[in-house]
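Protein sequences appear in the order of chains A and B.
Quick note on numbering: this note's numbering labels position 99 of the first sequence as 99, and the sequence is numbered without any gaps.
Quick note on numbering: this note's numbering labels position 160 of the second sequence as 160, and the sequence is numbered without any gaps.
Since the hints were derived computationally from the structure, they do not count as laboratory data.
Keep in mind the model is a prediction, meaning the values are calculated, not measured.
Hints are not guaranteed to be accurate.
Stated by the list, open to error - One side only, chain A facing chain B, incomplete, derived with CB under 10 Å:
1. Ala-149
2. Glu-153
3. Met-158
4. Leu-214
5. Leu-253
6. Arg-265
Claimed, not checked - Far from chain B, some chain A residues (derived; all Cβ distances over 10 Å):
7. Asp-6
8. Arg-84
9. Arg-117
Every residue, glycine too, gets a C-beta built ideally from N, C-alpha and C.
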Amino acid sequence: MSTLLDVRNLWVRFPSRNGVFDAVRGVSFTLGRERLGIVGESGSGKSMTGRAILRLIRPPGIVEADQISLEGRDLLKLSEKDMRAVRGQRISMVMQDPKFSLNPVMRIGDQIIEAYRLHNSASKAEAYVKSVEMLEAVSIRDAERVMRAYPHEMSGGMGQRIMIAMMLIPNPEILIADEPTSALDVSVQRQVLDIMDKLVKERGMGLIFISHDLNLVADFCDRVLIMYAGRIVEVCDADKLHDAKHPYTRGLLNSLPRLDAPRERLEVLERDPEWSEAPSVSGTV
Amino acid sequence: MVRGAEREWDRMSMLEVSGLNVWFGKHRDRVDAVKDATFDVGRGESFGLVGESGSGKSTILRAITGLAPNWSGTMTLDGRPIGKTRPKTFFKTVQMVFQDPYASLHPRHSVDQVLGETLHLHGFKNIDTRVVKLLDDVGLGQKFRFRYPHQLSGGQRQRVAIARALAPEPELLLLDEPTSALDVSVQAEILNLLADLRRDRSLTYLMVSHDLSVVGHMCDRLAVMKDGEIVEILDVDALRAMNASHPYSKQLLEASL
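Put together the whole structure using the sequences plus the hints.
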């Protein structure tokens with residue numbers, strides 16, 4: 001499998017009044033043309049890892065790594081101008097919350113058309129047709145009405161599908177999806193995942209799928225990195241996630257309510273300080 | 001566990017909704033968010049509303065509390081019909097917990113202010129002791145009393161939101177996706193808390209969720225919604241046995257396994 005992205009010894013630090021806070025602590029992994037899942041709780045550093053790849057961590061935050069190379073080119077050595085050509089065009093990112101990713105005072109149609117025309121030379125009419133097609137591809141009913149609407153008129157699920165449509169329209173090589181389906185319900189979740197799945201297979205796209213939903217990742221991804229306190233505590237094949245060894249992974253799995261195994265009370269995760277001290281496991285293939 | 005049989009709730013209805021329609025906008029942009037919804041929630045029962053986004057499940061909660069002004073049909077709370085305006089006593093009986101604890105707390109109000117103001121508005125006198133009691137009840141304790149929302153984690157914020165909802169000592173809690181913004185480990189804590197509170201205070205829950213396994217864990221009965229309509233009402237045993245009759249409920253069940 002060819003390697004699209006090679007991340008080695010990534011650190012993300014935030015200096016604060018009480019010393020330096022390390023959000024990501026020495027994470028290494030590679031991404032091929034596959035679906036790589038990163039799971040963990042909020043604060044585990046999974047989103048920061050995704051953002052650091054695109055160099056979206058703002059000062060005073062510091063990103064350090066031995067390398068973050070996209071097909072042999074080290075992204076850390078690129079100028080800000082070259083980096084802008086990478087963002088969107090080659091690596092795209094779907095953020096967690098559509099409410100903060102969409103412009104609230106611009107019609108949805110105009111925003112998607114803008115995203116398309118930024119990367120493709122197309123007339124407005126072509127871009128409109130393409131945008132409606134893309135919205136339909138993420139299974140939005142009544143796409144023409146949605147094109148006219150403003151973001152506040154959309155439900156969370158629709159907003160997220162609009163974001164995905166917008167991010168996929170420039171046809172990137174790598175998609176970093178940060179909790180893209182957390183706001184969606186199971187039936188729609190499946191559809192959105194199928195769309196992303198199709199893109200990975202057909203276009204040979206690499207996907208980094210950041211999520212807190214273990215079942216979803218087990219079901220959808222090829223490989224999974226489990227993060228805790230800024231480090232990778234376990235790497236496993238997604239279909240073997242339910243046999244995971246690490247007590248943290250086990251704890252997360254057990255805290256889920258299940259339809260087939262009803263319980264009076266749910267198990268609550270007991271944290272062991274040792275987990276955050278253990279060295280990071282490498283996710284390099 | 002046979003929760004439905006074990007805790008036989010009172011047959012008297014806490015909330016009855018019949019022929020409820022809710023709509024937004026007008027003319028060509030009019031959206032009928034809820035169409036002819038009919039269901040009832042017994043006293044002490046925990047009732048779930050599930051469905052995909054845009055199916056109108058949250059809108060029903062908003063119509064009950066008066067946050068969605070355009071509605072028709074009848075809604076009865078504890079035998080009294082709900083009118084276009086709601087008296088103060090209504091909000092002593094019904095309280096709501098919102099989906100997003102990051103958005104539902106005022107960023108510049110400390111926990112003490114949030115709870116104190118709510119208690120003051122409902123005319124309580126011994127506010128100080130009540131704030132302490134509320135914080136204990138939701139498992140936060142005194143040390144969180146003078147913190148601001150940004151000094152709290154998502155789970156802690158949702159506990160504050162629950163404490164605020166409990167402040168007027170309501171009988172019916174409307175829970176709009178109370179754990180969907182939280183981590184699974186924190187979700188387990190909040191769901192346990194909600195189950196304990198319901199038992200200790202004999203509360204009635206009307207809970208909206210897109211997660212069937214959460215509803216299966218928390219509720220006695222549930223209504224499945226699609227495109228603004230309730231397509232099926234089933235109890236949790238039928239849900240566990242995968243005994244849904246409507247094709248959409250079946251599809252939803254299969255997708256969540």
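Structure-based check of all given hints:
{"no.": "1", "hint": "Ala-149", "result": "holds (8 Å)"}
{"no.": "2", "hint": "Glu-153", "result": "holds (8 Å)"}
{"no.": "3", "hint": "Met-158", "result": "holds (7 Å)"}
{"no.": "4", "hint": "Leu-214", "result": "holds (7 Å)"}
{"no.": "5", "hint": "Leu-253", "result": "holds (9 Å)"}
{"no.": "6", "hint": "Arg-265", "result": "holds (5 Å)"}
{"no.": "7", "hint": "Asp-6", "result": "holds (29 Å)"}
{"no.": "8", "hint": "Arg-84", "result": "holds (30 Å)"}
{"no.": "9", "hint": "Arg-117", "result": "holds (26 Å)"}
Figure legend: structure checked against the earlier numbered hints; every hint is met.
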